[in-house]
Amino acid sequence: MVEELMRDFHVGGAIVGNLSALYFYGYAGMQIPVGLLLDRFGPRRLMTAAAGLVAVACLLFAWSHGLAGASVTRFLIGAGCAFSLVGAMAVAGQWFPRERFALLAGLAMMFGMAGGVFGQAPLRMAVNATDWRTTMASVAVIGFGLMLAAWFFVRDRHRGSGGVGAVLVGLRRVATNRQTWLNAVAGLGSTGPLLAFAGLWGVPYLQAVYDIDRVTAGSVTSVTFFGWGVGAPLIGWLSDRIGNRRTPLIAGLLMSVLSLVAILYLPGIPLWGVGVLCFGIGFGGSAQIVNFALVREHNPPQFSGTAIGMVNALVTGAGALFQPMVGWLLDFGWDGVLVDGARVYSVGAYHMAFSVLVAGCIVGILCAIVLRESPDFGGR
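Under numbering that gives the first Met the number 0, the residues of the sequence shown are numbered 0 to 379, in order.
Quick caveat, the hints were computed from the structure, so don't treat them as lab data. There may be inaccurate statements among the hints.
Derived Cβ-Cβ restraints for the label pairs, each shown as a range [stated by the list, open to error]:
1. Pro374 / Ala250: 19 to 27 Å
2. Ile368 / Ser345: 33 to 41 Å
3. Val168 / Trp271: 49 to 57 Å
4. Gly335 / Phe152: 48 to 56 Å
5. Thr175 / Ala250: 24 to 32 Å
6. Met124 / Ala165: 47 to 55 Å
Where is the CB? At the ideal position from N, CA and C, for every residue including glycine.
With the hints as extra help, turn the sequences into a complete structure.
Now the structure itself:
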């Protein structure tokens, strides 16, 4: 919907990048409060209310005719979605043994990424067949269905106790743990390519390089989400199976960054090869699921929601950081070309802008290297 949003709101790439990033501001900004709330109240009521908020916000976004209204509703969509992954992990932590947590977290991630796999091309086709507003209103209907499902099927096994003092103690314990921050930055480095490339800027980039239509480009970039969805449970299972967290994490991050570099800087790759490399970005980046297991195991169990939420805040902050950053750099390198009122960027501008994604991946790998192994597996 990049071109449609630029045309409807009469803005450039930087503004659309900022609008898209507002989802991640809401999502990332709510992660720590979500973790604290889940530790205290359990997932059932919170996940139900969150799904309802997302549905209403999608409707309001579809009805927005000004940038201010679109920005507020985009933020609210992110805030509501903040309960999804952490809530699923809270359910897994309450009802299943610790030694299966990475696998179950990976399965939760797989179902989440299914939306990216099966949503990109159908979303593009829906926008082409109708318009982006009708498409967003249809998404709201799905949100209301998820609200009902959360109320009828999610159950709380136990809830926390204590008041504000106990909550602040948990927050301080998690925030002063060095391993929490190393996990968070390592996760940020792995999700940067996914959220900025596959989630927003990959489609116009492939159109510029391969002269293909938007549906085809969306289908290729959606393979990234397929790789992520396949890799998350497999890498989670492998980590549980071999009793090692760091090795699968480091290997996955290396695979992701090398795949991204190949797409950007190796000339002459056929389109099917780009699809394979997009799968590599997603599969390797899905090793980030290990960060959630690690941070949970490096913090007290009664504060696991807070720990996971804090890591996920920075992980999803990758979108809020990298998406507008790429947009700013694209506007900086723009040579003034407009097509139907939308800015068109050169391949060179994309290469320059995407270099920040590679740098972010390298920082994530360095943090993964200095992480301690899980105490459940003999780490100290």
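So, going through the hints one by one against the coordinates:
no.: 1; hint: Pro374 / Ala250: 19 to 27 Å; result: holds, 21 Å
no.: 2; hint: Ile368 / Ser345: 33 to 41 Å; result: holds, 36 Å
no.: 3; hint: Val168 / Trp271: 49 to 57 Å; result: holds, 54 Å
no.: 4; hint: Gly335 / Phe152: 48 to 56 Å; result: holds, 54 Å
no.: 5; hint: Thr175 / Ala250: 24 to 32 Å; result: holds, 30 Å
no.: 6; hint: Met124 / Ala165: 47 to 55 Å; result: holds, 50 Å
Hint compliance for this structure: every hint is met.
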